[in-house]
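J.: Sequence:
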Amino acid sequence: MANIRVRPNGIIQYDIHVYGTRFRETSGMPATPKNLKIAKATVKQINAEIALKTFQYRDYFPDSNKVEQFERLQRDKYPDRFYPYFDDFAKKWLSQQAPKWKNSYRKTVERNIDNYLIPYFGNTLINEIYLSQLDQFRQQLAAREKEDGSRTLSNARINNILWPLISIMIVAAEELKFNYPFSRYRALREQKADSSPMTLEEVKRFLDYVDPSWYDYFLLRFMTGMRSCEVHGLQLKHIDFEHHLLNIRQNMVNGDITDVKTPKSRRDLPINDLLLTAIKRITAPLTDPDDFLFTDDNGSPLDTRKIGKDIWHPTLKKANLKTRRPYETRHTAAVLHLAAHENPLYVSQMLGHSNTRLLFDVYAPYVFNATRHDGSAFSDMMESNGVFERR
Numbered sequence: 002m003a004n005i006r007v008r009p010n011g012i013i014q015y016d017i018h019v020y021g022t023r024f025r026e027t028s029g030m031p032a033t034p035k036n037l038k039i040a041k042a043t044v045k046q047i048n049a050e051i052a053l054k055t056f057q058y059r060d061y062f063p064d065s066n067k068v069e070q071f072e073r074l075q076r077d078k079y080p081d082r083f084y085p086y087f088d089d090f091a092k093k094w095l096s097q098q099a100p101k102w103k104n105s106y107r108k109t110v111e112r113n114i115d116n117y118l119i120p121y122f123g124n125t126l127i128n129e130i131y132l133s134q135l136d137q138f139r140q141q142l143a144a145r146e147k148e149d150g151s152r153t154l155s156n157a158r159i160n161n162i163l164w165p166l167i168s169i170m171i172v173a174a175e176e177l178k179f180n181y182p183f184s185r186y187r188a189l190r191e192q193k194a195d196s197s198p199m200t201l202e203e204v205k206r207f208l209d210y211v212d213p214s215w216y217d218y219f220l221l222r223f224m225t226g227m228r229s230c231e232v233h234g235l236q237l238k239h240i241d242f243e244h245h246l247l248n249i250r251q252n253m254v255n256g257d258i259t260d261v262k263t264p265k266s267r268r269d270l271p272i273n274d275l276l277l278t279a280i281k282r283i284t285a286p287l288t289d290p291d292d293f294l295f296t297d298d299n300g301s302p303l304d305t306r307k308i309g310k311d312i313w314h315p316t317l318k319k320a321n322l323k324t325r326r327p328y329e330t331r332h333t334a335a336v337l338h339l340a341a342h343e344n345p346l347y348v349s350q351m352l353g354h355s356n357t358r359l360l361f362d363v364y365a366p367y368v369f370n371a372t373r374h375d376g377s378a379f380s381d382m383m384e385s386n387g388v389f390e391r392r
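If you read the sequence shown in the working numbering, its first letter stands for residue 2, the second for the next number, and so on.
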């Protein structure tokens, strides 16, 4: 049962006895007549739920360090409920689904479940998870902030965290014969990140300021538009010196070698003379065909996050360049190739796109800036042919 008491400092405290254990939580409210009335109403509600065996500690004290203790006692008291708890069913679901996925994707789903879903829904019976709880959880995720006040998690990241929950509940509702609770759920609207490719001058400035040991690495990225995972997965056997080709055959993701992203991503990139010189420098010390072109100080394959944190962003800052994602090396390569009047079909194949549509949808405005034409070529043509001559 629950009661209230007033501490010596004048603050109202909740005193709850349940499952043979005493729990005490502060209300944070001074013992004014109005606050005492509020606290008594809360205690009345708690006692009613305890009597009905529906009391959940986290509903009243979500930030308390006693939540885990209460839920452990609750599960020990009622181990044989008809429906399983969310954490047990989630682990079962994961074991069934994991063999279908790449190892890197499995790790991502596991992190979402272990770090986000189980801490919030873990001790809830699977059939007692409702849309209102999902909405509340999603609001908490969206409210997380960094030190500078910006959001910690984007809408896309939140949708990614919630996807396993949706899938788990679909399977659970079908297997355990209860009504699926999220039929009215709608994912958050995702806003695509704006591209921010570099100009040729900015690329030169970046390469002037980057640590010399990383010069060839970034030159390769700026010249080919390869994804980080593709560059990090390059091994000596993927360099065709005879035909001057880079064979893109695998990715390195979270320390694991995986297949390339799509069938179109499996491609051969021509190596021009400038890039060939750099690749010869890179491969000179390598002897085994399975040697990676780029490794960290310990000889291990590169980690994409560490490259961004330790090399990319510090170099941007040192060169006094605008902050942008390392992925912009790919966008920069696309824009500069198009600005140099390379065939759009060639550029699309270089990037591993299925068609040229993305080039024109995403990169066209930046090509105008890179070439500094902005329609002037058309005007010059019309004027040179006398179209604008007054009669």
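One should not assume that every hint holds.
Unchecked claim - With a cut-off of at most 30 Å between alpha-carbon atoms, the simulated BS3-like pairs for lysine-lysine come out as follows:
1) K108 with K92
2) K67 with K103
3) K78 with K41
4) K108 with K93
5) K318 with K238
6) K205 with K193
7) K101 with K205
8) K103 with K318
9) K93 with K103
10) K193 with K178
11) K108 with K205
12) K193 with K318
13) K45 with K35
14) K193 with K238
15) K281 with K108
16) K310 with K205
17) K319 with K262
18) K307 with K262
19) K101 with K35
20) K92 with K265
Quick caveat, the hints were computed from the structure, so don't treat them as lab data.
J.: Check each numbered hint against the structure and report the violated ones by number, ascending.
T.: The structure conflicts with hints 2, 5, 7, 8, 10, 11, 14, 15, 17, 19 and 20, although it agrees with all the remaining ones.
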